[in-house]
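In case you want the letters, here they are:
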Amino acid sequence: MRYLPLTDADRSAMLAVIGAGSIDELFADVPEQARLTAPIAGLPNHASEMTVERHMARLSANNVAAGSVPFFLGAGAYRHHIPATVDHMIQRGEFLTAYTPYQPEIAQGTLQVLFEFQTQVARLFGTDIANASLYDGSTACWEAIAMAGRITRRNKAVLSGGLHPHYVETSRTMAKFTGDVLDISNPELVADPDDDAVIAKIDGETSCVVVQYPDVLGRIPDLAAIAAAAQAKGALLIAVVTEPVALGLLESPGSLGADIVVGEGQAIGVGLQFGGPYLGLFGCREKFVRQIPGRLCGETIDADGKRGFVLTLSTREQHIRREKATSNICTNSGLCALAFSVHMTLLGGAGLANMAKLSHLRAKQTAERLGKVPGVAVVNRHYFNEFAVTLPKDARQVVRNLADAQVLGGVSLGRLYPQVDTLSGGLLIAATECTTEDDIAALATALEEVLA
Amino acid sequence: MNEINPSGWRPALGAGSVPREIETFTGNRALQLEEALLFEIGAADRSGVDFDDVPDFDLSALGPNARKAAPDLPGLSEPETVRHYTRLSRQNYAIDLGVFPLGSCTMKHNPRLDEKVARMPGFADVHPLQPVQTVQGALSAINELAVWLVKLTGMHGVAMTPKAGAHGELCGLLCIRAALEAKGDPREVILVPESAHGTNPATAAFAGYRVENIPATADGRVDVAALTARLGPDVAGVMITNPNTCGLFERDLKVIADAVHAVGGYVYCDGANFNAIVGRVRPGDLGVDAMHINLHKTFSTPHGGGGPGSGPVVLSEALAPFGPLPFTSRQADGSIKLIEEEDAHLEHPQAFGRLCAFHGQMGMYTRALAYILSHGADGLRQVSGDAVLNANYVLRSLDDVLDAPFGPAGHCMHEALFSDDGFADGFSTLDLAKGLIDEGYHPMTVYFPLVVHGAMLIEPTETESKAGLDQFIGAMRSLAERAVAGDEMLKSAPHLAPRRRLDETLAARKPKLVYKDA
Numbered sequence: 001m002r003y004l005p006l007t008d009a010d011r012s013a014m015l016a017v018i019g020a021g022s023i024d025e026l027f028a029d030v031p032e033q034a035r036l037t038a039p040i041a042g043l044p045n046h047a048s049e050m051t052v053e054r055h056m057a058r059l060s061a062n063n064v065a066a067g068s069v070p071f072f073l074g075a076g077a078y079r080h081h082i083p084a085t086v087d088h089m090i091q092r093g094e095f096l097t098a099y100t101p102y103q104p105e106i107a108q109g110t111l112q113v114l115f116e117f118q119t120q121v122a123r124l125f126g127t128d129i130a131n132a133s134l135y136d137g138s139t140a141c142w143e144a145i146a147m148a149g150r151i152t153r154r155n156k157a158v159l160s161g162g163l164h165p166h167y168v169e170t171s172r173t174m175a176k177f178t179g180d181v182l183d184i185s186n187p188e189l190v191a192d193p194d195d196d197a198v199i200a201k202i203d204g205e206t207s208c209v210v211v212q213y214p215d216v217l218g219r220i221p222d223l224a225a226i227a228a229a230a231q232a233k234g235a236l237l238i239a240v241v242t243e244p245v246a247l248g249l250l251e252s253p254g255s256l257g258a259d260i261v262v263g264e265g266q267a268i269g270v271g272l273q274f275g276g277p278y279l280g281l282f283g284c285r286e287k288f289v290r291q292i293p294g295r296l297c298g299e300t301i302d303a304d305g306k307r308g309f310v311l312t313l314s315t316r317e318q319h320i321r322r323e324k325a326t327s328n329i330c331t332n333s334g335l336c337a338l339a340f341s342v343h344m345t346l347l348g349g350a351g352l353a354n355m356a357k358l359s360h361l362r363a364k365q366t367a368e369r370l371g372k373v374p375g376v377a378v379v380n381r382h383y384f385n386e387f388a389v390t391l392p393k394d395a396r397q398v399v400r401n402l403a404d405a406q407v408l409g410g411v412s413l414g415r416l417y418p419q420v421d422t423l424s425g426g427l428l429i430a431a432t433e434c435t436t437e438d439d440i441a442a443l444a445t446a447l448e449e450v451l452a
Numbered sequence: 453m454n455e456i457n458p459s460g461w462r463p464a465l466g467a468g469s470v471p472r473e474i475e476t477f478t479g480n481r482a483l484q485l486e487e488a489l490l491f492e493i494g495a496a497d498r499s500g501v502d503f504d505d506v507p508d509f510d511l512s513a514l515g516p517n518a519r520k521a522a523p524d525l526p527g528l529s530e531p532e533t534v535r536h537y538t539r540l541s542r543q544n545y546a547i548d549l550g551v552f553p554l555g556s557c558t559m560k561h562n563p564r565l566d567e568k569v570a571r572m573p574g575f576a577d578v579h580p581l582q583p584v585q586t587v588q589g590a591l592s593a594i595n596e597l598a599v600w601l602v603k604l605t606g607m608h609g610v611a612m613t614p615k616a617g618a619h620g621e622l623c624g625l626l627c628i629r630a631a632l633e634a635k636g637d638p639r640e641v642i643l644v645p646e647s648a649h650g651t652n653p654a655t656a657a658f659a660g661y662r663v664e665n666i667p668a669t670a671d672g673r674v675d676v677a678a679l680t681a682r683l684g685p686d687v688a689g690v691m692i693t694n695p696n697t698c699g700l701f702e703r704d705l706k707v708i709a710d711a712v713h714a715v716g717g718y719v720y721c722d723g724a725n726f727n728a729i730v731g732r733v734r735p736g737d738l739g740v741d742a743m744h745i746n747l748h749k750t751f752s753t754p755h756g757g758g759g760p761g762s763g764p765v766v767l768s769e770a771l772a773p774f775g776p777l778p779f780t781s782r783q784a785d786g787s788i789k790l791i792e793e794e795d796a797h798l799e800h801p802q803a804f805g806r807l808c809a810f811h812g813q814m815g816m817y818t819r820a821l822a823y824i825l826s827h828g829a830d831g832l833r834q835v836s837g838d839a840v841l842n843a844n845y846v847l848r849s850l851d852d853v854l855d856a857p858f859g860p861a862g863h864c865m866h867e868a869l870f871s872d873d874g875f876a877d878g879f880s881t882l883d884l885a886k887g888l889i890d891e892g893y894h895p896m897t898v899y900f901p902l903v904v905h906g907a908m909l910i911e912p913t914e915t916e917s918k919a920g921l922d923q924f925i926g927a928m929r930s931l932a933e934r935a936v937a938g939d940e941m942l943k944s945a946p947h948l949a950p951r952r953r954l955d956e957t958l959a960a961r962k963p964k965l966v967y968k969d970a
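Chains as they are written, first to last, in our numbering: chain A, 1 to 452; chain B, 453 to 970.
Don't take each hint at face value.
The calculated DSS-like cross-link candidates involving lysine-lysine, where the alpha carbons are at most 27 Å apart (straight line), are [what the hints assert, rightly or not]: (1) LYS201/A with LYS233/A; (2) LYS635/B with LYS176/A; (3) LYS964/B with LYS306/A; (4) LYS287/A with LYS635/B; (5) LYS357/A with LYS964/B.
Please keep in mind that the hints were generated in silico from the structure rather than gathered at the bench.
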């Protein structure tokens, strides 16, 4: 077995040191009736690298890769171009095969990356501080709601209808067990987001308002107005960003008054990966620092007075506080944070703005072209790189028909909201700098045929 | 004898030997390179990415929140970026560099084939919401891994989506909670042994339970009498790690499970240490109802400097109906159906809900599947055998110079536990651990489990060679002797790493979490 260095001679010599007759003897503490005496039946034995690679390649080939066809999906996961450098850097064994930096003297590489990552996220979000990442956007969203409850000592959260339904469902799962009350609504296929409805729901018991920016239909809420309304009632505004590239062209949520900003970092550096692993981003005001979930990296000095970095404020965490911890999170998304950071470093502020501008341009061109397809209407007044259209048919079936025509033509709202009949004709369309003019033409033509 | 230089000749150093302790202009020390912060070397208008020229166009579709200026994020050109991160990488210790004996973390070799397959376009470049007909291969991969996990553990089903071990614990407890509530019998208490990993009580509290600790016996295992005495109608379940955090097999787990089941509770097993028993023991045979499997431990997906992990939870027949959405189901025609919210009321009506967006950690599934297929049923059995052999070899090679509290009682499982008993006054486990850094190793897990004073938990894993272990053992023996003798140099170790000991108190007292321009 190519991954196991011990030879039979090694094993015999080591057993002699131990004073055991066989490896099986080392398992004497396992009750005999539970001890398997042979490899588990019905499972194949070991295979060569070539054999495994062939099997996995066959599975891979049985998918339609996003890059192989005109592609317009978003809804919380976006296909941006990732420079080759990103993957090379994250495959450095010193990053890839390191552990959580609990021994800072020999983990300054990971720690400095985390410090830089935290700074990049804070600047992108317009927050004072940021943490070293969480699992993904949906879990970060819940962690923010829970944190707002700890800060305000209230337990009623108002969720905008524009919040991604998977984020809503994740939060709903958790809230069932923590006693938090979530005010949930569905989006409507109208030109503007539900800012006024959200503001009307805020009262003296509200811990937080959760608003996606841009929202799940791609509309752009007036965060400043919602922040002012929330803060007037002592509630916090949590802004949720599922497409961070948008912040290359839109004002940051922090600068508009959000108290906590969370998001999904996947669009920068991580890739689609069928939904995971992704990257939870979390930023907030500095005064909340001792309530933040997840790991934090901080600057300090070593015994010689040299600048260095350590994981800090760990008294919030489970390995110290056990059942009193701010969160049970142990692992974060370190390598994805590195990928995000490398990509962001390659881009810089000007590069991010350029990528955002191209994405917006392609979305605009797509919207203009699709608006000319008979029966199709663009919903949004404003958008960045994603918008909703209404179709004269159930969009779920249209998406399947488009796929048969080798076009991945968006995400149907029916898939996201299967119980909401009024949304079944809605289709979400996203474009990025990867989208070409040929792709847009192919989508429009295929849609015309499918709807004909 | 040095074969290329039998005479023992040395290169001349010129007039006056250069002292070893020298200051350099750069702060670098040859291959040990210092690296400035990105914010000190980058600029917002510098970039390592070229885009097609963007024509000026009407930006009014962005609405009133359009940005007035580009974000304040420094960029670097591509060569500068490559150098920045490469230089930083060299300040890290990693499995690729040597023994990484962190107990309970299973730092084993990460096969490069797994990296290659995870990047195949049918896995890496597919969107989670593509029509199901266009992702049959990806769903098959998830389903294949699920079948392996169920068979290796002797369980009934598996929830694939938890994103890490602690997330898996949460998933398991939510299944227990949903099952009890379905019976109209919500309960309040989860019992956790005092040797448990900190995530266990944190997770139980997060899931709304009251945590009660169960003591350990003198031989490092759960006190069965104390546990069964506490059982009653208010106990929702127990969380037990097996093998436990002392590196010992909980011999009485089946007895415990039967007792818990008799009072209507459930058994959660923390599977963090599954590497010790994979292919040799099936938790399902021991009465376990739920167990998370850290794919980043047992099935060797890379730790990545702190994630991403992946923590699928295998479930018993009693708990499987309550597992979260989504999941995959192989149909009679061989195709894979994805059960999401749309079909849940028909196919999985008791699901407790959703744990995260999309389908979990696909990139970890493909790596773990490649790892499992490479080893096969026979290879995985050899994995646990060699892991336990290596740990016992370390235990018996060091127990004459270090106190092994449970050593006299018999063999350990996949990790060897020592205490600081016998060190000179004022010398601690931390000193020995930092000394290990100077010897070119990552320290073992220290001060955990809490039930042993100054604990040192060493998990060598199966991917260390005997020669590699012999050198590690030599270093440990030398350090143990210095700690017993009271060698002051050890108290200020490490001396040779990129940084000396760091001031963690300063970092926590005045948190500086982001770079601010001077």
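Cross-check of the supplied hints:
1. LYS201/A with LYS233/A: 11 Å, holds
2. LYS635/B with LYS176/A: Distance of about 17 Å is within 27 Å: holds.
3. LYS964/B with LYS306/A: 15 Å, holds
4. LYS287/A with LYS635/B: Not satisfied, since the Cα-Cα distance of roughly 44 Å exceeds 27 Å.
5. LYS357/A with LYS964/B: It is violated: about 33 Å lies between the C-alpha atoms, which goes past 27 Å.
This entry does not satisfy hints 4, 5, going by the numbered hints stated previously.
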